[in-house]
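Starting from the structure of chain H, add chain U where the hints point.
Below, each chain spelled out in residue letters.
Number of protein chains: 2
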Amino acid sequence: MTGPSSLQELISALRCLPGVGPRAAQRMAYHLLQHDKPGAVRLTQALGRALQAVRRCPMCNSFCEEDLCALCGSAKRDPSVLCVVETPADLLMMEQTHAYDGLYFVLMGRLSPLDGIGPREIGLDFLARRIATGSVREVILATNFTNEGEATAHYIGEMLRERSVRLSRIARGVPVGGELEFVDTGTLAQALLERRPV
Amino acid sequence: MTGPSSLQELISALRCLPGVGPRAAQRMAYHLLQHDKPGAVRLTQALGRALQAVRRCPMCNSFCEEDLCALCGSAKRDPSVLCVVETPADLLMMEQTHAYDGLYFVLMGRLSPLDGIGPREIGLDFLARRIATGSVREVILATNFTNEGEATAHYIGEMLRERSVRLSRIARGVPVGGELEFVDTGTLAQALLERRPV
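These protein sequence lines are chains H and U, in that order.
Okay, so the first sequence: first residue is 429 according to the numbering used here, each after it adds one.
Okay, so the second sequence: first residue is 429 according to the numbering used here, each after it adds one.
Hints are supplied without guarantee of correctness; some may be wrong.
Because identical chains cannot be distinguished in the list, a pair is counted as satisfied if it fits within a single copy or across any two copies.
Subject to a maximum C-alpha distance of 20 Å in a straight line, what follows is the list of computed EDC-like cross-link-like pairs (lysine to aspartate or glutamate) [claimed, not checked]:
1) K504 / E494
2) K504 / D529
3) K504 / E523
4) K504 / E566
FYI, nobody ran anything at the bench for these hints, they're computed from the structure.
Just chain H, with the same shape it has in the complex (with noise of 0.2 Å):
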């Protein structure tokens, strides 16, 4: 006696989402049958909505619904500075800072060996062609500041070595507002390591 197996299947689909246990599983399920099932139709609709619009930029490897995303299509951005990120999101947190109105290239993830995740998983072969172009200038590397976002800049560099872009990765150190006493020491360290001249 374990319910009605319809919501036994939507129990064990819900663990697909990322993070979702089997009691995260069976809470939003009962909340969305007894609490929310305008949410709940709203959410198949949005499922189904995505599954068939959304699809990977040619350009920047990042998701889009045209032929070409809104920033890849865009006039005002300079097409001769290429930001590698890891992620969408980290997209996203770029373009809040306003400082930026070069292009992207989205690796959708990082190199992790361990995890079958290799140059190609993260369309670096498809970054390498672009660069071939020419059309790109100075390359930024922007990867999480984690040992697979480090390694994954480092791979890059080397692989971008023999081009004749410029290659930079952005800065590490104390965060804006951030107070020497409750910084990590190996941040300060690479804050004393990278400073510079004023």
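Using the frame of chain H, we list chain U on its own:
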């Protein structure tokens, strides 16, 4: 620039899930579209089917797909004992004990006046009518030992006081396998108060 609209709508729709904020919703949407399209298809179908198939059992108030849920329709259960629980999850926990062979009434919530959840919202009128039929001999109150669960149990107790049914509350005390040293003092005090002759 916030990405394709169907992706935005999916992220927004995912927030109807309990405990899912903007970041988690974004991560879920990216995960589904990038790594688990089969999972997303399965979830879409499961939601659609559950929305169509799942309704409330007219006997116990829990979720079911037929005219009567499997438990209420079972000839093996004792119809003279009724266990009142807050949620279908609690019912499943009770079933997993294999220590109960009566029927259930599922409140699908608990009294919570501040949230607008009164006796009618948790089906107490419905429970009163069921008791009035005279088929139930004993009611076991198995709501949680939270403030709201206790208040709900108290309210149901008062409501059924005049009826000729035996009323009981599941026992509070030190958990099985629990060590006194690590039990909170409130629980220990209750275990002392409600000590049983051996």
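Hint-by-hint comparison with the structure:
1. K504 / E494: within (18 Å within a copy, 59 Å between copies)
2. K504 / D529: Within. Shortest intra-copy distance 8 Å satisfies the 20 Å Cα cut-off; inter-copy 71 Å does not.
3. K504 / E523: Result: close within a single copy only, 14 Å intra versus 63 Å inter.
4. K504 / E566: within (17 Å within a copy, 75 Å between copies)
Checked against the numbered hints listed earlier, the structure breaks none of them; every hint is satisfied.
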